[in-house]
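Go ahead and model the full structure; you've got the sequences and the hints to work with.
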Amino acid sequence: MSEQTEAPTLDRPDITARLPRYRLLRQLAETRMSEVFQAVDTGSGQAVALKVVGPRFLQVLGFRERFERETRIARDLVHPNVVKTLDAGLSTDGTFGYLAMEYVRGTNLSRLLGTRRTLPFETTVTIGRGVAAALDAAHRRHLVHRDVKPGNILVEEHTGHPYLCDFGIARQLDRTSLTASGAFLGTISYAAPEQREGKPAGPAADVYSLACVLYECLAGAPPYHVNLAHPGAAVLSRSLDPDPAVRHPTCAALIEDFVSTTAAAKSAARRRRLRRRAVIPAAAAVVAGSLVAWLTVGASSGPDDATLDRVPSALRGDCGSAESPVAGAAATLTCHDATGRSATTALYDTPEQASDAYTAAVGESGVRTGQGDCSSATGAEHRYPETGPARGRVLCTVRSGQSTVVWSDDAARAVTTMEAAGDATLRRAWAGWNPAPAFPSADEQALTHVAAGTACRRSGPAELGGYRGAVAGITCTPRGTGAQEVSYFRFADLPTLRATFESMATTAHAPSGSGCPGPPFLGTTRFDWLSVDLGQVLCHPGPAGTVALDWSLEAFAVIGHVTGTTPDATGAWWADWHLAPLGRIVDEVNTRASPAFPDPAEKALLGHVPAVSRLNCVRPSAGQQWTDLGAVVPVAAVACGRTSGAGLVTYYQLPDAATMNQVFNSSGDSEKACTDQPKDFSADRPYARDGRTGRLSCGTVDPGGERYLKWTDDRTGVLTVAHRGTEPFAMIDWWTHDAGPV
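In case it helps, the numbering used here puts the sequence shown at residues 1 to 742.
It is worth saying that the hints were derived from the structure and are not from the lab. Watch out, some of these pointers could steer you wrong.
Claimed, not checked - Each pair of labels, with its calculated beta carbon distance range:
no., residue 1, residue 2, range
1, ARG526, GLY363, 31 to 41 Å
2, GLU727, THR565, 27 to 37 Å
3, THR566, GLU197, 46 to 56 Å
4, ALA544, VAL632, 52 to 62 Å
5, PRO495, ALA455, 28 to 38 Å
6, ALA601, HIS161, 23 to 33 Å
7, VAL78, ASP528, 47 to 57 Å
8, SER666, ALA455, 36 to 46 Å
9, GLY366, THR334, 21 to 31 Å
10, ARG479, HIS161, 44 to 54 Å
11, ALA601, THR454, 33 to 43 Å
12, ALA604, THR565, 44 to 54 Å
Keep in mind that this is a model prediction, so the values were computed, not measured. The C-beta atom is built at its ideal place from N, Cα and C for all residues, glycine as well.
Listed below in structure tokens is the structure:
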């Protein structure tokens with residue numbers, strides 16, 4: 001008899017207490033609106049994917065009713081390519097909405113593309129056909145998905161069978177995000193124009209989104225991020241038209257048009273290759289007629305589709321084996337674009353071989369890596385494209401009148417070389433094969449919303465490449481004074497951002513935990529807002545005698561970079577502007593908190609904070625609560641600031657008066673009260689203010705002059721601690737008029 005061990009349970013009492021039927025095993029995904037867990041239905045023992053929608057969205061007017069209606073429809077939608085909904089509803093107290101879905105063992109298409117970057121045409125079609133069938137079935141039931149994207153397409157582990165999930169809910173999230181802040185920071189790369197404009201979205205919106213997914217499978221990025229030179233590109237362009245009436249009438253029609261057009265184009269390309277091989281000198285035909293017949297009839301028809309998929313897309317229509325193979329390459333092809341311009345592509349078995357080949361070409365050129373921009377001048381080497389996920393690197397140089405462009409494709413394990421006499425013409429051709437979208441792209445637009453600068457432009461490719469893993473960068477004229485230039489770089493995910501930042505700190509030899517900004521202006525440490533950790537800051541020397549500061553805003557997956565002439569001026573600029581715009585940063589932090597801030601108890605506590613002091617409030621960190629309360633667990637805790645009297649004010653709703661007074665821990669009545677502003681600003685006495693009573697204490701934290709206030713409120717049972725104060729007069733004036741509780 002075999003011994004079985006039960007999988008460990010995920011510790012989430014906030015959910016399991018309200019949904020006791022499900023045992024959580026691990027978190028699969030998290031968005032602004034919801035969390036998805038691998039779970040077990042304890043009633044049936046079945047493995048499920050449990051999606052939980054938090055209270056923040058259920059409180060939005062009309063969301064609860066729409067959630068209930070659309071989950072009923074999704075539960076009734078049964079299709080081989082739709083993840084089956086097993087159960088849906090609200091928790092007993094109405095706090096959470098949930099969907100229990102069939103658990104598919106595999107991965108989603110977004111992660112698959114993150115690993116492979118592109119997919120073969122045949123795999124793309126298999127996934128596309130399944131998703132199209134699911135969407136058309138939904139449309140026949142008058143249900144529109146409205147959120148078709150790689151993250152909502154699951155691919156089964158062993159069979160490759162595609163499933164579509166998340167019917168009908170995500171649109172509510174998009175509408176809420178757009179209306180609430182006016183600045184949508186998430187990706188909008190798959191949403192149809194009518195959705196982005198807040199207009200009604202019908203089946204044509206799903207057709208548009210499916211075309212975006214197909215485009216990304218082949219190009220490695222959504223439309224308008226990179227160019228797709230594929231025989232079926234024109235078909236996809238039709239369904240990407242801003243006018244819904246121009247798009248294909250159904251998702252299946254899009255797929256079939258895409259497949260047939262691609263097949264016809266590839267067949268025509270093979271015929272052209274055969275005709276070229278048949279043209280040989282007439283004399284040779286007379287002398288060796290039988291050999292000619294074998295060559296024209298029995299020879300290979302050229303590279304297969306899998307090989308062609310590794311060639312730059314603009315060159316795939318006309319390729320053949322190169323006369324002079326590149327040493328070390330598994331295959332070498334000579335290809336031509338539509339104008340007849342030729343290039344040689346060397347294909348390698350491993351990424352390391354391809355990287356070594358490209359590195360050797362750079363070494364021979366004498367060009368320094370990470371400089372310039374090949375789209376504007378020669379003598380450059382950098383990552384490409386100019387925005388979006390990096391596909392590889394490019395080198396452009398001129399030697400002895402001969403212009404050369406060499407570029408690598410990481411996913412294809414390929415290095416392509418193109419040579420010509422005209423430098424500008426050659427670089428224009430390369431730029432045309434690898435175009436960048438107009439500024440700003442969606443990611444660049446998102447960066448402008450957190451930038452403390454004006455006149456922002458796209459960062460150069462070399463500058464973007466300096467932040468490994470960044471998908472977009474902008475460079476701006478700093479607001480305020482003290483800085484020369486400020487840039488912001490966006491990352492696809494938090495682990496990549498953190499790894500990049502740690503690498504930067506290591507390269508700068510910056511000691512960890514040292515004050516930054518501050519002398520000797522070389523170090524790195526974490527920074528916070530009202531005790532809530534926001535990211536990391538790094539001080540280090542900049543180029544040409546400048547100084548530089550880098551900092552991460554992890555809630556946005558963004559790194560900022562500012563340069564200046566002196567440590568004091570640059571540090572002062574950072575202190576004033578690194579949290580601009582503060583309101584948007586606080587909103588993002590609170591949305592991403594688990595559970596989202598404020599929960600009902602925190603909302604009630606915020607009602608006791610005077611409006612004038614209810615500024616940029618967050619949930620204080622566990623460390624801050626320990627500092628203020630010790631081991632006591634409050635009913636609710638909020639932190640607000642900065643106020644006119646203190647930089648950080650924490651309010652704690654405690655369970656009863658005894659606990660409140662225990663935490664306050666009075667040292668007994670002092671001779672003077674804090675309101676008397678004693679010389680050492682140290683006091684502890686009862687107070688009576690506007691009909692309220694309690695105890696008020698004050699003190700000086702360190703010789704630098706940081707001061708605090710702490711007081712209780714007998715009526716509400718609220719304990720308040722005001723940290724980071726400086727001037728006693730300002731602190732007491734604020735406490736007297738604006739501190740609360742109310």
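Which hints from the list above does the structure break, by number from lowest to highest? 6 and 8
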